[in-house]
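Visitor: This is what each chain is made of:
2 protein chains.
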Amino acid sequence: MTPEDDVCEIKAVDGKKVRAIRRSMLTDHEAVSLSETFSVLADPTRTKIIYALSREELCVCDIASLLKMSLSAVSHQLRILRNMRLVKFRKESKMVYYTLDDEHITTLFHEGLKHIRE
Amino acid sequence: MTPEDDVCEIKAVDGKKVRAIRRSMLTDHEAVSLSETFSVLADPTRTKIIYALSREELCVCDIASLLKMSLSAVSHQLRILRNMRLVKFRKESKMVYYTLDDEHITTLFHEGLKHIRE
DNA sequence: TCGATAGTTGAATATATGTTCAAGTGTAAT
DNA sequence: ATTACACTTGAACATATATTCAACTATCGA
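Chains as they are written, first to last, in this note's numbering: chain A, 1 to 118; chain B, 1 to 118.
Hint data in this document are derived by calculation from the structure and do not stem from the laboratory.
Given the structure is predicted, the values throughout are model-derived calculations rather than measurements.
The reader is advised that the hints may include incorrect statements.
If chains are identical, the list can't say which one is meant, so a pair holds when it fits in one copy or spans any two.
[Said to hold, decoys possible] Calculated cross-link-like contacts (lysine to aspartate or glutamate; reagent style EDC-like; alpha-carbon spacing at most 16 Å): (1) K88 with D101; (2) K88 with D102; (3) K16 with E56; (4) K114 with D102; (5) K88 with E57; (6) K88 with E103; (7) K94 with E36.
With the hints as constraints, model all of the structure from the sequences given.
Guide: Next comes the structure, spelled out in C-alpha cells:
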C-alpha cells in the first residue's frame, strides 16, 4: 500500500482499483468548480431567469413581474449570475437590461430540460 | 394590463414582452425538478463519486478511501444518489457495490466537465 | 457464540443559501 | 431642488444541506 491509501482505517479497499481511479480523479479544484457551475442552475428562481433571458433581453422589472417576485430578490439572484459571468447587462437611463452571456450554461440548461421533459 | 400582470407595484414593465414570455415559461414544477436535477451535481463530493463510478463499479469502502472521507459521509451521499435513482447497487456478502444508473446525468456531468476544462 | 468488519441511519452541529426589509445610489422629470 | 422611479446592497432571518458522532444491522470468521 502506498502512503496515500491508508489515510483511513478501512481494510476492505481494492487498492489497485482505487489507485487506478485516483490517477485520473477530478482534482479538488475541478470538483469544486464543477459543482459551482451546477449550483448556478440548482435554484428554481435562477432557472426561470435563465430561461426567460434565453428568450429575450429583459430589465429587472420585467423579470420581477414575470416571476412575481420582489425587485430585491431578483436583483440578488442577478448578482450571482453576474458574478459567475453568465449574464451581462447594459444601462439605458434608469433601467438595466440583462442578457445571457454564456453558451455553455445554455447548453447545460437545455440538456437538463430535455432530461426532465422526457 | 391583464390581472396577472399587476401582482406587484412595478410600473416600467413591458407588458407585451412579459406576457409573450410567460406563455412559454417554465412551470413551477418544471423549474423545481430542473433545479433538483442540477442540485445532485452541485456538490463536490457527489461529483467525485459520480466521476469515480463512471469509471468502475466500487464498494463504499473504495469510495471512502478514494475520497479520503468517512464511510458515514459517503453513505449519506450515496443515499441521496440512490433516492434520485442515479446509482444502483448490488450486495456481495458484507460489501455493497455501487454503479451509475442514469445516462442523462452522465451526459450532463461530462458537458459540465468540458465546460470547466476549456 | 463472540468479535470484527461493511455499511446504514438519526440526531446534532456547522455552514451555505434565498428572501425580506430597510436604506442607499443614480437618473430623469417636474 | 425635490420627488419619483429603477435598481442595488447589507443585515437579518429562515431554511437547506454536508459532515460527524454514536448507535444500529447484517454478515463473516474463529
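Visitor: Up to 16 Å between alpha-carbons, please classify K88 paired with D101: within, between, both or neither.
Guide: Classified as within; 6 Å inside a copy, 37 Å across copies.
Visitor: Given a CA cutoff of 16 Å, do K16 and E56 count as a within-copy pair, a between-copy pair, both, or neither?
Guide: Cα proximity of K16 and E56: across copies only (12 Å, versus 53 Å in one copy).
Visitor: Go through the copies and call it for K94 and E36: within, between, both or neither, with a Cα cutoff of 16 Å.
Guide: neither (32 Å within a copy, 36 Å between copies)
Visitor: Between copies, within a copy, both or neither: which fits K88 and E57 at Cα up to 16 Å?
Guide: within (10 Å within a copy, 42 Å between copies)
Visitor: Please sort K88 with D102 into within, between, both or neither, judging by C-alpha distance up to 16 Å.
Guide: within (9 Å within a copy, 34 Å between copies)
Visitor: Should K114 paired with D102 be assigned to within, between, both, or neither, using CA atoms and 16 Å as the limit?
Guide: For K114 and D102, only the inter-copy Cα distance (14 Å) is at most 16 Å; the intra-copy one is 19 Å.
Visitor: Can you give me the call for K88 and E103, within, between, both or neither, at a CA distance of at most 16 Å?
Guide: within (12 Å within a copy, 33 Å between copies)
The structure is inconsistent with hint 7 alone, although it conforms to all the rest.
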